[in-house]
Each structure stands twice: as C-alpha cells, then as structure tokens.
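Engineer: Keeping the supplied structure of chain U fixed, place chain C upon it in accordance with the hints.
2 protein chains.
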Amino acid sequence: MGVIKQSEVTRTTISQGTSRYLAHLSNLMMVVIDFENGPASQPDPPHSHPHEQISYVVSGEINVLLGNEITHLRPGDIFTVPPNLPHSIQLLTPKARLIDAFSPIRQEFLK
Amino acid sequence: MGVIKQSEVTRTTISQGTSRYLAHLSNLMMVVIDFENGPASQPDPPHSHPHEQISYVVSGEINVLLGNEITHLRPGDIFTVPPNLPHSIQLLTPKARLIDAFSPIRQEFLK
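Going down the list, the sequences are from chains U and C.
Quick note on the numbering used here: the first sequence kicks off at 102 and runs consecutively.
Quick note on the numbering used here: the second sequence kicks off at 102 and runs consecutively.
Any given hint could turn out to be false.
Which copy? The list can't say, so a pair holds if one copy fits it or any two copies do.
Below 35 angstroms or equal to it, Euclidean Cα-Cα: the simulated DSBU-like pairs (lysine-lysine) are [as the list claims (entries may be wrong)]:
| hint | residue 1 | residue 2 |
| --- | --- | --- |
| 1 | K212 | K196 |
| 2 | K212 | K106 |
| 3 | K196 | K106 |
Derived from the structure by calculation, the hints contain no laboratory data.
So that you can see chain U by itself, here it is in the shape it has in the complex (with noise of 0.2 angstroms):
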C-alpha cells in the first residue's frame, strides 16, 4: 500500500512502442511514460487539458513543443505546462522515458 514497484506493476500500452505506469491520490497523479518509437522527424501533434502537467525526463531526448516555442531537453530538464497550453513532444532519441505530475488526476487515465 503506498508503493508501486516498477518491476510488478501492469504497463498500459498507449500506442504502438509507448506504455505507461502511473499512481495517484485524490488531486496528484504521477505517470511514468516509456517511448520506445524514436526517434520522430517531428512534434507529435499538440493536445491540451486543463489540467496543471510538470514533466521530468528521466532519460532520452526530446524536443518540447510549449505553445509556439520548441526547446531540447536532456535527462535532468523539467517542463511545465499551463491548463489548456497546447503543447507536444518529439523523440530524438530511439528511446525516452518521462515522469508526468498531473493535477487535478487525469481521470481519463484510470478507465
């Protein structure tokens, strides 16, 4: 109770090459997202939520489209992401792995 190890939890594939783990509480989540389809000739298409997102990347490389603005970021650089600011990521390297803080929860993510 309280603890997620990466070794036991059930991966959610979200699309081909990605997959996802996740925790939360009542107004934080946090999502582990592993990409394994890099690397990208460009931005995925930008999306946006209301919610509040920050976002550390763990390893890889990507760049971080934040509105109109795309900026390189290596293991070590955060991210941070206004509601409803549309924004997107492009893979540089074959593989990445982002950590994805969330509040509220993304409720979309536990159905």
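Structural biologist: Same frame as chain U, now just chain C:
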C-alpha cells in the same frame, strides 16, 4: 519560460550532501532532490505535511517508511504519501535522486 534545464538551474542546499531544484505552477510542484550523503544506518526521523506527495526513484536505492511500513525501493519505483501521513526515507546507496511531486505546492520551498 516553462523549461528548467538541469545544466542552468540554481540548486538549493537543503543540508550537507542534499540539494534540490524545482518547478511549480499554481497547484502543482515538482522537486528534484539529490542525496550524496548515503548510505544511512537508519531512516530519517519521520515528518508529515498536509500536501499530497508522490515520489519517483530516479537513481539509487532507498528504504521508504510510510506510517509503520518499510519498503525497499529501486529506480523506477514510486511511493505515494497521503496528507499528514508520517514518512521518511533511508538512503541505501551513496547517492540517490528522487522526484517529489506535491499538490498543493510547498510554499515554504519558495522562500
């Protein structure tokens, strides 16, 4: 704007061998904590706070104490801390990096 690069960030020293950098929005905070003073012979004294917390182990190994339960965590593992639950960690390796997400934000970290 919206991006924190590890190579450019100003770290805050929490105590000897422990430093952090962070990002936040209105209701969400992410803190990167680097520990370089391990291993420890026992868990730190437990503490608690009204904020929800979810933490991810980037590197190193720890024991996490949640209430009365101790669990050994490795990179990729997550623990959740509901409001006001006494918790602490024990470093099992010389170094470790944790990502702590909080909601609401830890206002005292901004002073």
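Engineer: Next, verify each hint and record whether it holds.
Structural biologist: Right, here's what the structure says about each hint:
no., hint, in the structure
1, K212 <-> K196, "within (26 angstroms within a copy, 37 angstroms between copies)"
2, K212 <-> K106, "both (21 angstroms within a copy, 34 angstroms between copies)"
3, K196 <-> K106, "both (21 angstroms within a copy, 20 angstroms between copies)"
When held up to the earlier numbered hints, the structure conflicts with none and fits them all.
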